[in-house]
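Listed in order, the protein sequences are those of chains F and V. Take the first sequence: its position 263, counting from 1, is numbered 263 in this note's numbering, and each next residue is one higher. Just add 1000 to wherever you are in the second sequence, counting from 1, and you've got this note's numbering.
These are computed hints drawn from the structure, not numbers from a lab. Please read these numbers as outputs of a predicted model, since none were measured by experiment. Note that CB positions come from ideal geometry on N, CA and C, so glycine has one too. Be aware that a few hints might be false.
Unchecked claim - In silico negatives: residues of chain V with every beta carbon more than 10 angstroms from chain F:
(1) A1067
(2) Q1075
(3) G1079
(4) G1088
(5) A1102
Said to hold, decoys possible - Simulated restraints on C-beta separations:
(6) V:G1106 - F:S166: 23 to 33 angstroms
(7) V:S1131 - F:D231: 36 to 46 angstroms
(8) F:P110 - V:Q1105: 46 to 56 angstroms
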Amino acid sequence: MIDHPDRVSNGRFGYAVHWLGDTLAVSAVSLASSRSSGLVSLFIPAPGGYSATPPFTLSPPNDNVPFTRWFGAALASSGDRLAIAAPFSGFEATIDQQNVGSIHLFRRDPLSPAGWTADTSWADISVDGSTACAFERMELGRWGMAFVDGGLMLDHTRRYSGPDGSALSPWTVPDTAAGACPACGLRAVHLDQETWDFAGSSAPLGTGLPFFRGTSSGCAAHDTLIYGRQDPGTGEWATVVHLREQGGDQAWGPSLVLPLTDACDRPSGPMLLAGPFFVRVSIRAGEMCSVPTGSMRLVVQVFEP
Amino acid sequence: MSDQRTLTVRRILVAAWLFVAIGPATPVSAQDWVQLTSFQTGLFPAGSKVRMAMEGDQLVLAVSHAAGGTVEVRQRHQGGFEQWGIIGSEQSTVPWFGNAVALRQGLLAIGSPAAQAGGPFTGEVRLYALSDIPGEDVLDLR
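Pulled out of the complex, with its shape left as it was, chain F reads as follows:
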């Protein structure tokens, strides 16, 4: 078992785990450090197991956003790049409305003690037009991130109200009512040579509630993006395959919709693209689907291109 060397109550160590070669990255999203909340520790192989000694820790630079809350909520990597989401960052720790979220990118650096060094960080600090002197409430990367060829996909959630989150993530989750979250979207950030174009990023699939889920209910690799989309009117789910350059340069045009297998098929669970496989999880519930009240059953479906 791996413990954080400075474990404390409410640290939430193990919220996300991610392999970086033979190094294991583990986030403790509520572990406080200075004005930040959340740390990512790197555990390296050692005789007898994995060790965090010395405690190689990645913490966010505080240049763009003073408070980085839930740093490590999502981790993604590709080659020499690592992205860490701090979706509840902000300018004032006690005011939810100043929640802007941030993404932090790191690069491999053999000269750094941790092996990684901060590259850049992003925060969308759009001003809320409806409220004087306030920032848009915004979250970046809460629902996951994925590197694709030449870029990074992440979710972008803005100005919503909804039910409370869980004890694991005590933040409001998007309202599922039709018309809620009009600016939500899956954001594509393009990497041009060595420069990230966050300011020019876009929501190529569109905006609105069906697109808020980001890559936790979708997945991306290379030039393929597969996405779980919920119809806000009917509540039904669909799995949509997008291919890049479909419909133009940097476009992610829809390619096809994977059909449902029956009336109880509700592919709202996680998905992954790994090797030749695409795997999605359908979550069945309700007595009409032979699932007792208060329970759920999973149907895992494996596809191959």
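Mind docking chain V on chain F? Use the hints.
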């Protein structure tokens, strides 16, 4: 013929028989994607979180909730052609056991951010090595 070759030939014959008996995988679209198979799990509390990890032909399925969690390791062709049978599993009463999973080269990391070893929501990570001992659970706590 060596035992290993005999076993390989048998597997091919069984796979061919199953392919004929069951038929080819069902095409699900006019384009490229084909559904190879599907399998269902037992019941879990409503609202459980589901996580997956995959490497090669091994799929990790984790379901976590406030009262614990279950992590299964499944292998392609385990139990039949295009079946993904369970080759190892781990259950725990640690809250949200399996909230995060990652698999690499036979090492499976399982995160439980609500583990209470050092107080509420201290969290812990368990690391397992997937052994290849026939007939035994493949999950060995490392």
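Hints versus structure:
1. A1067: holds, 12 angstroms
2. Q1075: About 12 angstroms separates Q1075 (chain V) from the closest Cβ of chain F, which puts it past 10 angstroms; holds.
3. G1079: Its Cβ never comes within 10 angstroms of chain F, the nearest being 14 angstroms, so this holds.
4. G1088: holds, 16 angstroms
5. A1102: It is violated; A1102 (chain V) is separated from chain F by about 4 angstroms at its closest Cβ, not greater than 10 angstroms.
6. V:G1106 - F:S166: 23 to 33 angstroms: The hint (23 to 33 angstroms, Cβ to Cβ) holds, given that G1106 (chain V) and S166 (chain F) are roughly 32 angstroms apart.
7. V:S1131 - F:D231: 36 to 46 angstroms: holds, 45 angstroms
8. F:P110 - V:Q1105: 46 to 56 angstroms: Violated - the Cβ-Cβ distance for P110 (chain F) and Q1105 (chain V), about 22 angstroms, lies outside 46 to 56 angstroms.
Against the hints set out earlier in the document, violations occur for numbers 5, 8.
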